[in-house]
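Asks: Sequence:
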Amino acid sequence: MQFLGNIEAKADVKGRIFVPAAFRKRLQDADEEFLVLRKDIFQDCLVLYPGTVWENEIEALRSRLNKWNKEQQQIFRQFVLDAERIEMDSSGRILIPKRYMQLVDIDVDVRFLGVDDTIEIWAKEKLEKPLMDPDDFSAKLQELMD
1 MQFLGNIEAK
11 ADVKGRIFVP
21 AAFRKRLQDA
31 DEEFLVLRKD
41 IFQDCLVLYP
51 GTVWENEIEA
61 LRSRLNKWNK
71 EQQQIFRQFV
81 LDAERIEMDS
91 SGRILIPKRY
101 MQLVDIDVDV
111 RFLGVDDTIE
121 IWAKEKLEKP
131 LMDPDDFSAK
141 LQELMD
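Heads up, the sequence shown is in the working numbering, so the first residue is 1 and it goes up one at a time.
The hints are simulated quantities; they were obtained by calculation from the structure and are not laboratory data.
None of these values were measured; they are calculated from a predicted model.
Fair warning: there could be bad hints in the mix.
Pairs of lysine-lysine residues, derived as DSS-like cross-links and limited to a Cα-Cα distance of at most 30 Å, are as follows [what the hints assert, rightly or not]: (1) K25 to K126; (2) K129 to K39; (3) K129 to K14; (4) K14 to K25; (5) K98 to K25; (6) K126 to K140; (7) K39 to K140; (8) K124 to K140; (9) K10 to K129; (10) K10 to K98; (11) K124 to K25; (12) K39 to K67; (13) K39 to K126; (14) K10 to K124; (15) K25 to K39; (16) K14 to K39; (17) K98 to K124; (18) K98 to K14; (19) K126 to K14; (20) K98 to K39; (21) K129 to K98; (22) K39 to K124; (23) K10 to K39; (24) K10 to K126; (25) K25 to K10; (26) K14 to K124; (27) K25 to K129; (28) K98 to K126.
Derived CB-CB ranges, DEER-like [unchecked claim]: (29) G15 to L61: 26 to 34 Å; (30) D105 to E59: 25 to 33 Å; (31) R16 to S63: 34 to 42 Å; (32) N6 to A83: 22 to 30 Å; (33) D135 to A83: 34 to 42 Å; (34) D89 to T52: 14 to 22 Å; (35) G5 to D31: 16 to 24 Å.
All C-beta atoms, glycine included, are put in the ideal place defined by N, C-alpha and C.
Throw the hints in and build the complete structure from the sequences for me.
Replies: Next comes the structure, spelled out in structure tokens:
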């Protein structure tokens, strides 16, 4: 499953947002029953994981960690502590809890960004300018692809 797109949306006063139709269709076609929401580790945005993607992420993380190692157990705990199961209603909306909206400064205007097998939710103004300087981006991409 892959998501692609940069789509604007609006949150209502309760924090409900319509998942863009293109993303909804991909989720429905894949028979995804639930989503998992968590704040991104590196960026100031939220990440929606389709249920099967989340389960694969958890399995991959768990396989790299020793549950008998205190520090590694804390890493795992922190990763799942910041996650919440989210269900889409029959209209295609999700309810984003207020604490998540506050974590990334989302008020009303948001952007859904398809990023491979996840969907990021950004405060619209944070994506108004490039995430990286264009010259740095092209240089780093060239470096990676050489």
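Asks: For every hint, state whether the structure bears it out.
Replies: These are the hints, each one checked on the structure:
1. K25 to K126: holds, 26 Å
2. K129 to K39: holds, 21 Å
3. K129 to K14: Holds, because 28 Å separates the two Cα atoms, which is no more than 30 Å.
4. K14 to K25: holds, 24 Å
5. K98 to K25: At roughly 26 Å apart (the allowed maximum being 30 Å), K25 and K98 satisfy the hint.
6. K126 to K140: holds, 22 Å
7. K39 to K140: Cα-Cα ~25 Å, so holds.
8. K124 to K140: Status holds; Cα separation ~25 Å.
9. K10 to K129: Holds, at about 19 Å.
10. K10 to K98: holds, 14 Å
11. K124 to K25: The hint holds at about 23 Å.
12. K39 to K67: holds, 23 Å
13. K39 to K126: Within the cut-off at roughly 15 Å; holds.
14. K10 to K124: holds, 9 Å
15. K25 to K39: holds, 24 Å
16. K14 to K39: holds, 19 Å
17. K98 to K124: With Cα atoms ~17 Å apart, K98 and K124 stay inside 30 Å; holds.
18. K98 to K14: holds, 8 Å
19. K126 to K14: holds, 21 Å
20. K98 to K39: Distance of about 13 Å is within 30 Å: holds.
21. K129 to K98: The given pair, whose Cα atoms are some 25 Å apart, holds under the 30 Å limit.
22. K39 to K124: holds, 16 Å
23. K10 to K39: Since the Cα atoms of K10 and K39 sit roughly 19 Å apart, the hinted pair holds (cutoff 30 Å).
24. K10 to K126: Roughly 15 Å separates the two Cα atoms, so the pair holds.
25. K25 to K10: holds, 19 Å
26. K14 to K124: Given pair K14, K124 holds - Cα atoms ~18 Å apart, limit 30 Å.
27. K25 to K129: Answer holds: K25 to K129 is near 28 Å, not above 30 Å.
28. K98 to K126: holds, 18 Å
29. G15 to L61: 26 to 34 Å: holds, 28 Å
30. D105 to E59: 25 to 33 Å: holds, 32 Å
31. R16 to S63: 34 to 42 Å: holds, 36 Å
32. N6 to A83: 22 to 30 Å: The hinted range 22 to 30 Å holds for N6 and A83, with Cβ atoms some 24 Å apart.
33. D135 to A83: 34 to 42 Å: holds, 36 Å
34. D89 to T52: 14 to 22 Å: holds, 20 Å
35. G5 to D31: 16 to 24 Å: holds, 21 Å
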